[in-house]
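The whole structure should be built from the sequences, with the hints applied where relevant.
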Amino acid sequence: MIYTNSDGGARGNPGPGAIAALVRKDGEILTKSSKFIGESVTNNIAEYEGLIHALELALKVTDGDITCCLDSELVVKQLLGEYKVRNQNILHLFLKVQKLQEKFKSIKYQHVPRENNFQTVVDELLNDELDNQGYRKKYGRRK
Numbered sequence: 006m007i008y009t010n011s012d013g014g015a016r017g018n019p020g021p022g023a024i025a026a027l028v029r030k031d032g033e034i035l036t037k038s039s040k041f042i043g044e045s046v047t048n049n050i051a052e053y054e055g056l057i058h059a060l061e062l063a064l065k066v067t068d069g070d071i072t073c074c075l076d077s078e079l080v081v082k083q084l085l086g087e088y089k090v091r092n093q094n095i096l097h098l099f100l101k102v103q104k105l106q107e108k109f110k111s112i113k114y115q116h117v118p119r120e121n122n123f124q125t126v127v128d129e130l131l132n133d134e135l136d137n138q139g140y141r142k143k144y145g146r147r148k
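Under our numbering, residue 148 is the last one in the sequence shown; the count climbs by one each step, no gaps.
Simulated from the structure, these hints should not be mistaken for lab results.
None of the values given here were measured: they were computed from a predicted structure.
Check the hints yourself; a few may be wrong.
What the hints assert, rightly or not - Pairwise CB distance ranges, derived in the manner of DEER restraints:
id, residue 1, residue 2, range
1, 137, 100, 15 to 21 angstroms
2, 126, 67, 16 to 22 angstroms
3, 61, 94, 31 to 37 angstroms
4, 100, 122, 27 to 33 angstroms
5, 32, 61, 18 to 24 angstroms
6, 107, 87, 30 to 36 angstroms
7, 96, 30, 28 to 34 angstroms
8, 87, 139, 37 to 43 angstroms
9, 86, 44, 29 to 35 angstroms
What the hints assert, rightly or not - Calculated lysine-lysine pairs in the BS3-like style (CA-CA distance at most 25 angstroms, straight line):
id, residue 1, residue 2
10, 65, 30
11, 89, 104
12, 65, 110
13, 89, 108
14, 37, 104
15, 113, 89
16, 113, 101
17, 89, 30
18, 113, 82
19, 30, 40
20, 104, 65
21, 82, 101
22, 108, 65
23, 110, 82
24, 37, 108
25, 113, 30
26, 104, 82
27, 65, 37
28, 110, 37
29, 40, 65
30, 104, 40
31, 30, 108
32, 37, 113
33, 101, 65
34, 65, 89
35, 89, 101
36, 104, 30
37, 40, 89
38, 101, 37
39, 65, 113
For glycine and all other residues, C-beta sits at the position ideal for the given N, C-alpha and C.
Dropping the structure here:
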């Protein structure tokens, strides 16, 4: 089974945002990546963008079964149909995820705590990305 972990965050909400994702199998990280996504991004948009990035990375490894781990309870519950997507800015990202998940044999979404070992890796990656873009002094670093 292939697993992904993804995270997205904005300093200021909205503010400068970044995403990070990794793909792993049997506890070993196969690939990881982060990127800056814009000057005025909300946390929820960043979380969706992080998941999209994770799905795109996973497609380079498999089109089989995957489990996507996220620390955003909102995103997981929206994808599981427990919450409606009411925000129009989120809806197009939600639909993009729906389109990407068709490329896999099966996909599961799992909410994990921020303290999860792999989740801390992607959190660190996205914060490093924001720091490298020069946003450490102005906004501080999320703990």
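Hints, one by one, checked against the model:
no., hint, result
1, 137 - 100: 15 to 21 angstroms, "31 angstroms, violated"
2, 126 - 67: 16 to 22 angstroms, "20 angstroms, holds"
3, 61 - 94: 31 to 37 angstroms, "20 angstroms, violated"
4, 100 - 122: 27 to 33 angstroms, "31 angstroms, holds"
5, 32 - 61: 18 to 24 angstroms, "22 angstroms, holds"
6, 107 - 87: 30 to 36 angstroms, "21 angstroms, violated"
7, 96 - 30: 28 to 34 angstroms, "32 angstroms, holds"
8, 87 - 139: 37 to 43 angstroms, "38 angstroms, holds"
9, 86 - 44: 29 to 35 angstroms, "33 angstroms, holds"
10, 65 - 30, "13 angstroms, holds"
11, 89 - 104, "17 angstroms, holds"
12, 65 - 110, "14 angstroms, holds"
13, 89 - 108, "23 angstroms, holds"
14, 37 - 104, "22 angstroms, holds"
15, 113 - 89, "18 angstroms, holds"
16, 113 - 101, "16 angstroms, holds"
17, 89 - 30, "31 angstroms, violated"
18, 113 - 82, "12 angstroms, holds"
19, 30 - 40, "22 angstroms, holds"
20, 104 - 65, "16 angstroms, holds"
21, 82 - 101, "16 angstroms, holds"
22, 108 - 65, "11 angstroms, holds"
23, 110 - 82, "21 angstroms, holds"
24, 37 - 108, "20 angstroms, holds"
25, 113 - 30, "15 angstroms, holds"
26, 104 - 82, "18 angstroms, holds"
27, 65 - 37, "12 angstroms, holds"
28, 110 - 37, "22 angstroms, holds"
29, 40 - 65, "17 angstroms, holds"
30, 104 - 40, "22 angstroms, holds"
31, 30 - 108, "19 angstroms, holds"
32, 37 - 113, "20 angstroms, holds"
33, 101 - 65, "17 angstroms, holds"
34, 65 - 89, "30 angstroms, violated"
35, 89 - 101, "16 angstroms, holds"
36, 104 - 30, "24 angstroms, holds"
37, 40 - 89, "28 angstroms, violated"
38, 101 - 37, "21 angstroms, holds"
39, 65 - 113, "18 angstroms, holds"
In summary, the structure is inconsistent with hints 1, 3, 6, 17, 34, 37 from the numbered list given earlier, while agreeing with the others.
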